[in-house]
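Engineer: Working from the sequences, and respecting the hints, build out all of it.
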Amino acid sequence: MLNRKRVKICKFCENKDFDFNYKNEKKLRYFITDRGKIIPRRMSGTCAKHQRKLTTAIKRARYMAILPFTAEMIR
Amino acid sequence: MRTYETTFIISGAVSETNREAIIARYEKQLTDNGAEFKRIARWGKRQLAYPINKQSRGYYVIYYYDADPAIINPMHREMDLNEQILRYMTLISDGIHPDYVRDEGTPDESTTTASTPVVEKVASDDTVASETTEETASDETVETVEAAAEESAPETTDESDDTASEKPAEEAAADDDEKEVE
Chain H
0 MLNRKRVKIC
10 KFCENKDFDF
20 NYKNEKKLRY
30 FITDRGKIIP
40 RRMSGTCAKH
50 QRKLTTAIKR
60 ARYMAILPFT
70 AEMIR
Chain B
0 MRTYETTFII
10 SGAVSETNRE
20 AIIARYEKQL
30 TDNGAEFKRI
40 ARWGKRQLAY
50 PINKQSRGYY
60 VIYYYDADPA
70 IINPMHREMD
80 LNEQILRYMT
90 LISDGIHPDY
100 VRDEGTPDES
110 TTTASTPVVE
120 KVASDDTVAS
130 ETTEETASDE
140 TVETVEAAAE
150 ESAPETTDES
160 DDTASEKPAE
170 EAAADDDEKE
180 VE
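Residue numbers (numbering that gives the first Met the number 0), protein chains in the order written: chain H, 0 to 74; chain B, 0 to 181.
Rather than coming from a laboratory, the hints here were simulated on the basis of the structure. Accuracy of the hints is not assured; some may be wrong.
[To be verified] For lysine-lysine, the following DSSO-like pairs were computed, each having C-alpha atoms within a straight-line distance of at most 27 Å:
| no. | chain 1 | residue 1 | chain 2 | residue 2 |
| --- | --- | --- | --- | --- |
| 1 | H | K48 | H | K15 |
| 2 | B | K53 | H | K25 |
| 3 | H | K36 | B | K53 |
Structural biologist: Written out as structure tokens, the structure is:
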């Protein structure tokens with residue numbers, strides 16, 4: 000509860016250099032859980048605009064097998 | 000004319016000569032139809048995040064080119080018919096970003112494919128250091144990944160139960176949009 004209240008600032012608004020590109024594998028990996036789920040806005044504090052960009056990038060990366068859809072699929 | 004980028008994955012089972020033929024073939028198809036190539040980036044063989052057509056590795060190639068939109072669909076049709084191409088995706092390019100335009104050592108590809116992945120490790124080391132270790136000793140790392148996933152599983156499921164109901168619908172909608180763009 001406490002944590003949720005503290006995290007309010009969108010990382011991408013603060014740091015404008017982030018490249019929302021599906022090929023940006025390393026950076027995108029920070030925004031998925033170890034099961035492969037996209038980390039929700041309420042946990043990361045990302046603003047709506049940037050979360051949208053992030054999701055499209057992650058989904059494109061998933062389609063190109065750069066990121067996993069689920070952890071089971073690693074097998 | 001717009002600048003596009005087409006990324007596609009050639010099955011890891013394809014031999015080097017066939018692979019080069021595939022790459023050259025689509026390049027030719029595009030140039031014949033008036034595309035101007037800017038760059039071809041070869042990521043080289045990579046571990047796929049999940050198996051596609053029972054292949055766990057694939058060779059990634061990215062074309063960067065200027066072209067009229069009309070010539071892209073014919074290429075996609077050809078790619079659909081080619082079973083050796085596992086995936087493709089064409090997007091309007093937002094510039095040739097140096098971070099992603101990496102090449103495996105193009106001249107000594109023969110050694111890369113013919114011999115063990117160890118040689119390849121040198122080529123793609125800078126790109127995905129952690130991944131390359133996975134490639135060499137895949138069995139070991141997979142186990143650790145699984146272990147890690149299992150540890151964290153209870154937490155994540157607790158948290159995300161309430162979102163699970165909302166998400167699939169959203170995702171499906173977004174996916175549809177994407178396909179149209181591509």
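Engineer: For which of the previously enumerated hints does the structure constitute a violation, in increasing order of number?
Structural biologist: Structure breaks no hint.
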